[in-house]
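Q: What follows is each chain in one-letter form.
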Amino acid sequence: MKRLLVVLGAVCLVVLLLGAMHDLAPASVELHAAVATNLTASGVEHPVTAVLLNFRGYDTLLEIAVLLLALIVILAIGMDATISAEATVDVRPLVNPVLQTLAKLVVPLMILVAVYLLWAGSFRPGGAFQAGAVLAAAAVLLHLAELLPSWQSPGVKLRLGLAGGFLIFLAVGAVSLMQGALLEYPLEQAGALILLIESGLTVSLGLILAGLFLLLSRDDGETS
Amino acid sequence: MTGGLLFASVGVILFAMGVAGVLLLGHLLRRILAFNIMGSGTFLVLVALAQRNGIADPVPQAMVLTGIVVAVAATALALALARRLYVLTGKLELSQDDEE
Amino acid sequence: MSLEFAFDLLLALAMVWSAWRSLYATRLDRAIVMFIAFGLLMALAWTRLLAPDIGLAEAAIGAGLTGALLLDAYGALQRKKI
Amino acid sequence: MMVWLILLPLLWASLAFMLGPSRGVWLSIVGLAAQLWLAFALAAEIVGSGAAMHAVGGWGAPLGIDLVADGLSAAMLLLTQCIALPLAVYAHAYFKRDDPATTYFWPLVGFLLAGLNALFLSTDLFNIYVTLELLGLAAVGLVAAGGGAQQIAAALRYLFATLVGSGAYLLGVALIYGTYGTVSTVTLVSLIGADAPDLVWIAGGLMVLGLMLKTALFPFHFWLPPAHGGAPAPVSALLSAVVVKASFYLVLRLWIGPFSSLTVVASLVVWFPALLGTLAVFWGSYQAIRAERLKMLIAYSTVAQLGYLFLIFPLLASAGALQAGIMQAFAHGLAKAAMFAAAGTLIKATGQEMVAGLAGVAERLPVTLFAFGLAGITLMGLPPSAGFLAKWQLIELALSQQHWVIAFVVLVGGLLAAVYVFRVLRQAFLLAPAGSVVTPVPRTLEWTAFGLAAASVLLGLRGVELMQLVGVT
Amino acid sequence: MTFNELLPLAVLASSLIPGLLIFTLPESWVGLRTTLNLSGALVKLALVLLLIVGVQAGESYGVHFAVLPGLNLSFKADALGLLFITLSAVLWLFTTLYAIGYLEGAPRRSRFFGFFSLCVTATMGIAMAANLFTFFVFYELLTLATFPLVVHRGTEASIRGGMTYLAYTLIGGAVLLTGIVWLHHLLGHTDFAHAGIAVALGSAYDGQLQIIFLLLMIGVGVKAAIVPLHGWLPQAMVAPAPVSALLHAVAVVKAGAFGIVRIVYEVYGIEFAQSLDLLLPLAIFAAVTIVWGSFRALFQDDLKKRLAYSTVSQVSYIVLGVTLFGPIGTVGGLVHLVHQGIMKITLFFCAGNYAETLGIHKVSEMNGAGRRMPLTSIAFTIGALGMIGVPLTAGAVSKAWLIDGASAAGMDWAIWVLWTSSLLNAAYFLPILWRAWFKPIPKAWPAEHIVARGWRETAWLLLLPPMITAVMTLATGIFSNNQISPLSWVKLIAEREYIHESIIWTP
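Chains as they are written, first to last, in our numbering: chain A, 1 to 224; chain B, 1 to 100; chain C, 1 to 82; chain D, 1 to 473; chain E, 1 to 507.
Simulated from the structure, these hints should not be mistaken for laboratory data. For each residue, glycine too, the CB sits at the ideal point set by N, CA and C. What you were told as hints is all true, and nothing was included just to trick you.
Pairs of lysine-lysine residues, derived as PhoX-like cross-links and limited to a Cα-Cα distance of at most 25 Å, are as follows:
1) E:Lys305 with E:Lys439
2) A:Lys2 with B:Lys91
3) E:Lys443 with E:Lys362
4) B:Lys91 with C:Lys80
Residues of chain A clear of chain D, computed beta-carbon distances all greater than 12 Å:
5) Leu99
6) Val106
7) Leu109
8) Phe123
9) Arg124
10) Leu148
11) Pro149
Reference listing, derived: stretches of chain D covered by chain B, where coverage requires no fewer than 3 residues with Cβ under 8 Å from a Cβ of chain B:
12) 133-143
13) 148-159
14) 165-176
Whenever a hint applies, use it, and build me the whole structure from the sequences.
A: Right under this line is the structure:
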């Protein structure tokens, strides 16, 4: 019964939407034009970055909050480590030493790529998210090569790294609010401020994204 | 039909598949997969429909970047809960009987 | 029908098919691999939609990180079952 | 001023996280007190000088995001902070030092409040999506934190419901952006006319349905009782009192904002939420009357009380309907927070989770039972209480628009509420069975619940200012 | 805020504040609790006296607060309200005294006296309400405040009684609320006024007003225990004796009866109500209640249950008086509001004394009680004779006015109803008196808790209140024409309600 209803509803939705999308009048507001007009005032040259960190920077601020929040929730559940009583057997094959060597070689390279992406974000595709993701990938690689253990409970330095990017963003927001409007950058400092925020975010995003992985893998029992 | 409308249609189909999956599938990992497909569908509609005339619009693109990060946060959270449930009960499904 | 549109259509079909498989594949590991493939196809679609930023992010986060998280969860499941 | 209501909780939440596990209590309480002051100041300001607007980044909609504090949002902000502060004090006394639920309790609460406050102020549909996710994930985290299998299962159910809800909402936003090229509600009001394309109708339907799922409106209520009934008492209180109302607020905002011309065209549409609301009142009350666990009873009562909120939709033609809705939101918010808090104290003191195990608490824990009773008065809509004023307004509106059925639902709903409230009180007034023990509980637990309950009753003696605030546009 | 605005609030506060304070007192602080109780009651009495003097001198007392835009919580102390206020304030003092004696050493007294005070506060609110909204607020407050008193003993039986009480009163409240909101919607306000407010609407609304009247009467009829809405009253007998006194004489049923009076005279206006044909159906219900209550009382062996059915019957005398169109009937009904209270409280005090002292709960256990407890039994006898309507008692005065009112209104059938009821009253009260005075003392009382010391057959705090109220029963009967008697006051009220009638004042 439920199955039938859901499938029927889904099919109806698809049919209705496809029908309704068919001949749609052009949109009355053209934001891409507005973005192009205001791009010079945004402090960056790449429109997506301009939207992300300036025109709709507030969205991004909240989004980082969501990400940090997810990490905190993962920390909050299962802190009492009542992992099931039966012994968990680690049947993972021994780590290939080649992988370890490779990881040691590749990781510095990945960090370099991340820095490039971050810097490139201001005028072409790239930016803090992509850079952070690369950093996180590096951490995951290290973990797979067993060069980086799963996290149990992050220490104070790690917590600083996790929340630091967000706090910098928040601080910029607070200062700008005191001087006028939230996340309103003075024209001449816009570029610098965005770079500052992005740098902080790259590190924190990398750590948080890596943290999501490293925290989730802690239940495996291999490190506990 | 432009490429924009084509991908918007794909987005709609993906959304419908995803929602049906979240509602109907039993296994938690599959439901999480379904949620991601639902999300991807929505993102496609957001960008593709706005760009149906073929002009790139950075605003929905930025929104989707935000959305992807939010989705990965939700996915990680869901996985953490699912794995926790597995550790505690040895099951990866929500029983139906405690629903009412 | 232009060549570009034909490619888009093919891509669209591949996306729907991979999504379908990742939902309803009988084996969970196949489903997850299918999902990663889906993510990569999505990344391709994003570049076709003039959104290389999202393409990058999708590949790194959508397919990469989410895939890794899912695979790791699956792996943990398998290890515990033994 | 309004922006600080968003930044402040974000700030203390992340600082509390930096301080480490189980830390940051006082930081949070000070932050919440500051927020309460800000909310009052904001309300006073806009009553004096009309709705306030803040263009984030200085760009202004539709390029940027605008925050607007009008009567409706200021009232919701006020309600949220009014409930959060006492509950924080309650939570501090409630959790034991080493309770696993507290490790990251305060950061989660902070993010939750930031999400709420941001949601109430936002006028940007996509930004609202982000706030919804912030809110939803924080709420799920609070339900799950430190819990056992049942709590985790409830949290998962809640998570999927909230994700599907916001997914449907986001698809609606995508369709709206596709149609009009903007997501600013202010801009959309003038764009969406009676002749809107079908796509907008579908978008509206998706958004409203998604939000109803998040509000746990019948028949989407399935996730609420296990989540609210299973979480620790302060969390249940916070979730039941304000979190579910956030998505109701959004439905209302959309309904009277961007989609107002649609709802005028299709006059039958207004009966859809009211119908679900009616069913919610009856079904929720019925389940509450049958519930054996005290907290489940209260959780089902939330399902029922949320139904009242949706009864205002057919009445929105008169200005008073909004006021009635906000009055009901205040009444239920304060009373439900008090009731969950009182229930938490009762359960903690007696060790009994069942309604049947409450015999004798009237004598042993009079303050807490009084709090429960006062909160019950509000839920039943008996005078003098905010719930009564809401009921009065609803009935009068219903009569003036000749919607008898709504008046009937409100009255019968009140009586059904009496049945489940007095089911508890009846048990409490019985003599304690021999050998039952009551562990002493901190005074703070008893009096915070009492304070909230008293507020829900006293508001019934003076609702003029609140109504004046709601009227600000 | 002027003195005239403050005084009604002070009357409310004189029981509210002691009540709230008492809640916080530890169980063992008997002295302070008693002081608070009695000083509250005395202060209230003094304030009421001030009001009486003022109202007689033509002062008007009132105050209002906006609750919502267009909705006021308003109070006034007018002649009609003062009638009820004075009755409640005086009887509250005695009931408090009695309760202090009755509950000596019992558990949960702080809770008891706290709610006791809240009850009286609610009653004062009902009496001073200047519109239906305010009336309803306190009417429901009264329901809530009495519930903990009814279930005070905490036994299954008392809880069941309490739940029955709630079921009736809450449903009644919902019906009442419907009527009030409806009226408020039509009129834009519900302020009481001499000669009514509903007449302003015009004849197009007659149908709606009739329905509203029905709703309002059902709402207040529950508390006034009009058949068939009376089922809760005998059930609530499980409560301790002071609570029964409160329910039957001071607060609850009186609030219902008073509500009927207010609605008929000051919402609809007696003349308008008559023109809408509302009075006759109400009179018929009252008549049925009078006979049915008396009839059921005949078959009750439980003393308090017999008294309860007697209340069902007697309260409807008030209602009947109200419906007898004409000032004489009005006087009869209103004066019975006071007289019934004084007589019925005497009877309940005495019943409580029998139970507390000797363990007597049933009529069949009353043999010889008069010899063992002469003072109590004298008081009981006076009360019972008053209920029957024997001359020189308060009851005789009300009955005389009611009968004259009925014949003046041309409703001779009502006279038959009153006579039938009197006969039935005699039939269920006289056997009790006969047993008490003329049957021999049994070998052992059911449970003798208190041993007589000299003339003090029981604790003096239990003895004093019924004796005083018994004296009052006689005094209000004998000195009914004195200018400070309830009867004189009631005549003052009746003069104001009939604006078109020339009033003939000789019964």
